[in-house]
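Throw the hints in and build the complete structure from the sequences for me.
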Amino acid sequence: MNPLTYARARDAAEAVRFAGARDATYLGGGTNLVDLLREGVERPAALVDVTGLPATITKRRNGGLLIGAAVRNTALAEDRDVRTRYPVLARAILAGASAQIRNMATVGGNILQRTRCAYFYDIDGSRCNKRTPGQGCDAIGGFNRTHAILGASSACVATHPSDMCAALAALDAVVHLEGAAGARTLPLTELHRLPGDHPEVETLLEPGELITAVELPPLASGARSAYRKVRDRASYAFALVSVAAVLEVKNGRVKDVRLALGGVAHKPWRAREAENALRGGPATARAFRAAAEAELDAATALHDNGFKIELANRTITAVLAELAGRK
Amino acid sequence: MKNVAIRINGSAVAPPADPRVSLLDFLRETLHLHGTKKGCNQGACGACTVLVDGERIVSCLALAVQYVGRDIVTIEGLAGQDGPHRLQQAFIEHDGFQCGYCTPGQICSAVGMAAEARRGLPSHVTDDLSARRIALTRDELRERMSGNLCRCGAHNGIIAAIAETYARAAE
Amino acid sequence: MSNVEGSGRPTQHEGAAQQDTSLTRRGVLGIFGAAGAGALVSTFTGPPGVGPVSLVSEAAPEVLVQRGSGWVGAALSRIDGPLKVRGMARFAAEFALDDMVYAALVFSTIAKGRIATLDTGAAEAAPGFVLVMTHRNAPRMQPMVPFGPNEKAAGNDNLPIMQDDRVRWNGQPIAVVLAETQEQADHAASLIRVTYEAEPATTSFAQAKANGTEGAVYFHHEIGDAEAELAAAAVSVDATYRTPYQNHNAIEPHAVTVAWHGDELVVHDASQSVVHNAWSLAHILGIEERQVHVTSPYVGGAFGGKFMGSHQVLAAAAARLAGRPVRLTLSREGVYRMVGGRALTEQRMAIGARRDGRFDAIIHTGTATHTRDSPHPEAFPFVSLSAYATGSLKTDLQWAFLDQVANAAMRAPGEAVGSFALESAVDEVAVALGMDPIELRIRNEPKTDPLNGAEFSSRNVVKAWRDGAERFGWAKRNPIPGAVRKGEWLVGMGCGTASHIYNRENGGAARLTLTSDGTVTVDIATHDAGMGTETAQTQIIAENLALHPDQVEFRLADSAMPGLVAGRGSSQTTTVAATVVEAKKMLVAELLTLIRADSPLAGLTAQQVGPRNAGLAKLDDPTRHETYTAILTRAKRDKVTVEASPDEPTEMNERSMHSYGAMFCEVRVNAVTGETRVSRMLGSMDCGRVINPKTAASQFRGGMIMAMGLALTEHTHYDERTGRIMNPSLAEYHIPVHLDVPEIDVIWTGIPDPHAPMGARGIGELSVTGTAAAIANAIYNATGKRIRELPITLDKLM
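Residue numbers (this note's numbering), protein chains in the order written: chain A, 7 to 333; chain B, 85 to 255; chain C, 61 to 858.
In case anyone wonders, no lab produced these hints; they're calculated from the structure.
As the structure is a prediction and not an experimental result, all values here were calculated from the model.
Some hints could be false.
If the Cβ cut is set under 10 Å, some of the chain A residues that face chain B in the computed set are [to be verified]: (1) Tyr12; (2) Leu39; (3) Asp41; (4) Arg44; (5) Arg89; (6) Arg239; (7) Tyr242.
Even for Gly, the Cβ is constructed at its ideal location relative to N, Cα and C.
What follows is the structure, encoded as structure tokens:
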């Protein structure tokens with residue numbers, strides 16, 4: 007880890023001001039960043055600790071929730087409104103990492119966590135376009151069982167590892183930002199980028215821009231939501247494929263559906279093809295499977311990860327069928 | 085001293101000057117509190133688990149300077165004046181360890197876990213997210229303790245010790 | 061059966077293969093330890109009956125018939141428990157020495173070639189920098205000495221350590237940086253810039269096989285014409301089974317704290333081999349063995365991964381250059397880069413059977429990855445040598461040589477992966493015959509060792525099967541694959557035989573001191589990395605000397621103590637037990653010399669007395685008794701000390717000696733996702749006398765859980781393009797977590813082995829064998845899918 011300075015910001019304005027320093031980066035719970043610092047993947051000169059920023063969850067007048075970026079993952083999953091009204095989010099968080107890490111990790115940090123691609127981490131021994139633009143990608147011809155099947159490029163096949171973000175994507179969450187140029191909002195589904203030719207650019211954040219909050223719009227009273235994570239051991243492993251779904255069925259037909267996938271792409275993957283195929287149609291297992299296949303039609307497999315396509319198909323189908331069958 | 089020191093097992097300690105120092109290394113190398121173990125330094129094994137204001141964290145991914153003003157309890161601080169914590173005794177009785185290296189982390193983690201369960205925090209295997217009371221079944225304990233790896237394979241003894249200590253009270 | 065006799069003493073072997081094996085009998089016995097050495101031993105040491113009478117045949121009746129204080133067999137809680145649960149047991153990286161500096165390592169990023177440039181300037185200018193050691197300034201040292209002919213050697217390779225610019229594997233340490241803090245050392249190490257002149261390296265298994273494999277002569281056996289018998293068999297299975305690279309992943313990373321005091325070196329080590337390491341360090345550094353003192357009282361898991369390594373050497377050499385004590389803790393990545401694990405295997409497993417189930421042919425051959433310098437053969441065919449009665453048998457082990465870190469012995473090396481193939485194939489034969497797999501195994505139960513006709517010392521695996529089947533509810537199993545479903549989950553049961561060779565080391569020696577307060581201290585340079593050595597041996601000593609365990613202090617893991625007893629081959633308990641039995645005999649003889657005419661024991665001989673109630677008594681008249689305290693007090697002695705070494709371990713020369721187990725498993729396989737969960741497990745063991753049921757049960761469970769990882773999740777990602785391990789991390793190398801582990805039931809026959817010290821055979825590695833196959837067989841029963849490649853991840857079941 008390079009020598010660096012540390013400052014604790016009291017509020018967002020101070021954080022943004024601190025972050026104006028050269029090579030500064032925001033530090034949340036540290037569960038990803040400290041690891042990346044130690045590995046030498048991240049080499050900032052200054053850390054701006056933003057865990058002292060507001061960590062509150064407040065109800066909006068429209069029935070939605072505004073979640074401070076410094077809210078810890080555990081606190082978010084524990085919140086009674088989240089548990090009862092947005093179970094997909096509570097489930098996704100509880101499926102992630104370990105209890106200790108959830109106690110440390112912040113909402114903002116979770117959103118900005120970086121890929122677990124082994125070649126990205128191996129700064130001495132492997133090539134990675136995300137780490138060193140133009141260097142090449144050793145994952146494409148290497149171990150890529152956990153890598154992307156959707157939206158990847160010839161430059162990068164990494165995935166975004168967050169469980170929480172898949173749920174936020176399905177919930178149409180909106181991210182509140184603050185930077186030197188002022189405040190703005192972005193839909194979570196637009197915050198992260200696909201790799202294209204520039205996998206080193208992972209989000210639309212401006213330099214020094216800070217996530218201050220995440221807003222959840224209200225859910226229709228008839229909507230049911232669920233999260234299912236498929237992984238290599240029973241707990242404490244990243245998703246091979248995960249599915250976050252919000253489904254509203256009326257009279258046997260899909261009134262509304264929102265579907266997002268984790269573990270399959272460079273960003274939390276909102277499955278709009280599948281949603282379009284389902285909306286207004288019958289809520290049957292056959293229709294769910296057809297919608298899944300419509301979404302995965304664009305999927306491409308690397309050497310090791312072809313199974314993820316069928317796994318995603320099956321998991322989407324099962325999650326939707328389970329939701330449709332719920333009272 | 086509250087805002088410039090870290091409280092560790094009840095004593096106020098000045099944080100390290102170098103912000104790179106993890107809470108884990110601060111405990112082990114500066115304070116010589118070696119009970120907190122370094123297994124992976126990657127946040128992947130849980131051997132370094134300590135309690136911060138009663139909540140369990142992995143101290144390897146915690147920069148010590150971030151914990152100024154917080155109250156840290158390590159395995160060394162768990163036993164009371166009158167002897168070991170009852171969970172420590174249960175680990176001995178149920179043979180909840182072999183080599184003993186993951187043990188302090190397992191024990192600290194279980195103490196934090198019990199507090200989480202008492203206040204009704206659900207887990208990945210909890211059926212009813214809205215339930216206000218958590219029944220600490222074996223699977224609940226296993227899921228909640230899954231952030232603590234054991235390579236010797238003392239899992240059954242660990243869970244039995246925790247169940248004896250906490251499960252009945254919570255149910 | 062040409063090769064049975066032909067594979068005699070290693071010294072008879074000439075030619076190229078010999079060097080590769082470099083595996084003398086000592087090596088075979090010791091390391092792979094376990095790996096079926098007994099079957100070999102019986103061929104090495106000539107026809108049955110000529111070996112010397114073992115101590116055991118003499119000692120066993122005494123030990124077995126006359127109970128001491130009853131501590132053997134008691135479920136004692138671990139003696140080191142109170143320290144460990146409070147975090148007070150001090151491990152190797154927890155000794156803080158005055159003026160100590162911290163080390164960080166730089167690893168090579170190519171598999172083969174030479175270092176072209178090495179720029180340490182920026183590192184030397186970094187804050188806190190103390191010293192950098194590379195091949196340019198490292199002291200001149202001898203190469204590592206691998207396990208082999210030298211009984212004190214315990215290395216995994218024979219390579220020079222930072223002596224030249226050669227790179228021999230991807231991940232080799234090429235620089236050591238010392239600094240005032242670990243953070244500073246890590247940072248300075250990250251500033252070292254290296255370029256290489258790479259040379260063509262063999263980093264893929266296919267390429268290594270194409271380069272030509274070499275046979276491991278000790279593992280080639282032929283009885284009859286197995287190929288012909290297989291071809292003629294009514295029912296046969298002939299398939300390829302594959303197992304991946306795997307790593308030990310003890311939770312404590314390798315660590316060492318070293319200090320020089322003049323020319324004397326003190327080493328706080330994390331080791332399974334303290335005396336070996338002291339000798340190795342002395343030899344490599346060019347000093348006398350007595351100048352090196354290695355201790356390792358607590359070891360945070362080892363599993364075969366913590367013998368002599370190059371990190372101890374690097375720390376000692378750097379400490380000498382710097383003139384300051386050094387702490388070197390391997391990062392988790394460093395453990396993967398510097399310490400090998402299980403080799404990759406590709407096994408042909410074939411069984412030919414008659415309609416009634418009797419086997420006419422067993423063929424177990426194939427290839428394991430290897431390095432030119434490794435002493436560890438990953439001898440998977442071993443497990444097939446003594447398992448089943450068969451009309452014909454063929455085993456063979458080929459090595460394919462790669463440029464990679466030398467593989468190491470990992471818990472039940474060879475047998476863990478070999479038993480996956482054998483016990484899966486037996487299940488396949490049972491399916492083909494429509495026969496219950498337990499009945500098939502019992503039908504092929506051998507009366508004598510199938511390889512050489514030697515008698516079994518004690519083999520009750522049939523009882524283990526019967527007891528286990530009843531307890532597990534095997535009768536409820538539906539033999540039709542895929543027939544049991546609960547919701548999304550397909551449920552199946554499977555089983556497999558565990559077996560592990562009995563082993564006892566030659567180097568047992570103890571110093572026993574009895575003091576006039578009636579307490580005894582026993583020093584043996586043996587090890588406890590979690591096996592429960594300290595507790596079990598305390599019980600054995602208490603039993604033998606008729607003392608309470610509180611009156612016994614068992615001290616271990618110090619190279620200044622007697623004994624050459626590495627923690628390997630599941631042999632520590634038997635080795636130390638034999639030593640304790642011998643020490644007891646010497647103590648009794650010594651005490652009798654102190655007996656005076658006014659003692660109730662006056663005039664009795666060693667044959668007439670034995671320990672009773674914290675003293676000695678006449679065996680057939682316990683009223684003639686005198687306490688140890690009284691004997692010593694009367695003789696005006698503060699203490700009596702004896703040093704004992706047992707006779708050579710020859711009990712296995714005349715017999716086939718193994719521990720056994722019947723392993724049962726129930727799995728659930730998700731029909732949607734292919735995820736497998738083990739829902740129930742039972743180990744029904746036959747391992748002789750169990751010294752401590754509490755610690756033994758934990759050992760068995762631990763092995764089964766490690767085998768669960770072997771079967772389902774564990775896989776070291778070795779990138780065949782570069783020879784680089786890509787998941788050097790506990791996050792991406794998946795060992796089982798709590799939620800993966802069900803309640804595991806363990807029972808045992810409890811039948812003492814009349815030929816083993818204290819009637820006990822080894823248990824440390826036993827349950828790692830057979831279990832992976834039981835899981836795979838259960839998956840077949842659940843799904844109808846026969847997976848012959850580990851780990852059985854969900855993609856293989858979709």
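So, going through the hints one by one against the coordinates:
1. Tyr12: 4 Å, holds
2. Leu39: 9 Å, holds
3. Asp41: Check passed: Cβ of Asp41 of chain A comes within 6 Å of chain B, closer than 10 Å.
4. Arg44: For Arg44 of chain A, the interface hint holds, since the closest Cβ of chain B sits about 7 Å away, which is under 10 Å.
5. Arg89: 4 Å, holds
6. Arg239: 9 Å, holds
7. Tyr242: 5 Å, holds
Going down the numbered hints, you'll see the structure goes against none, and every one checks out.
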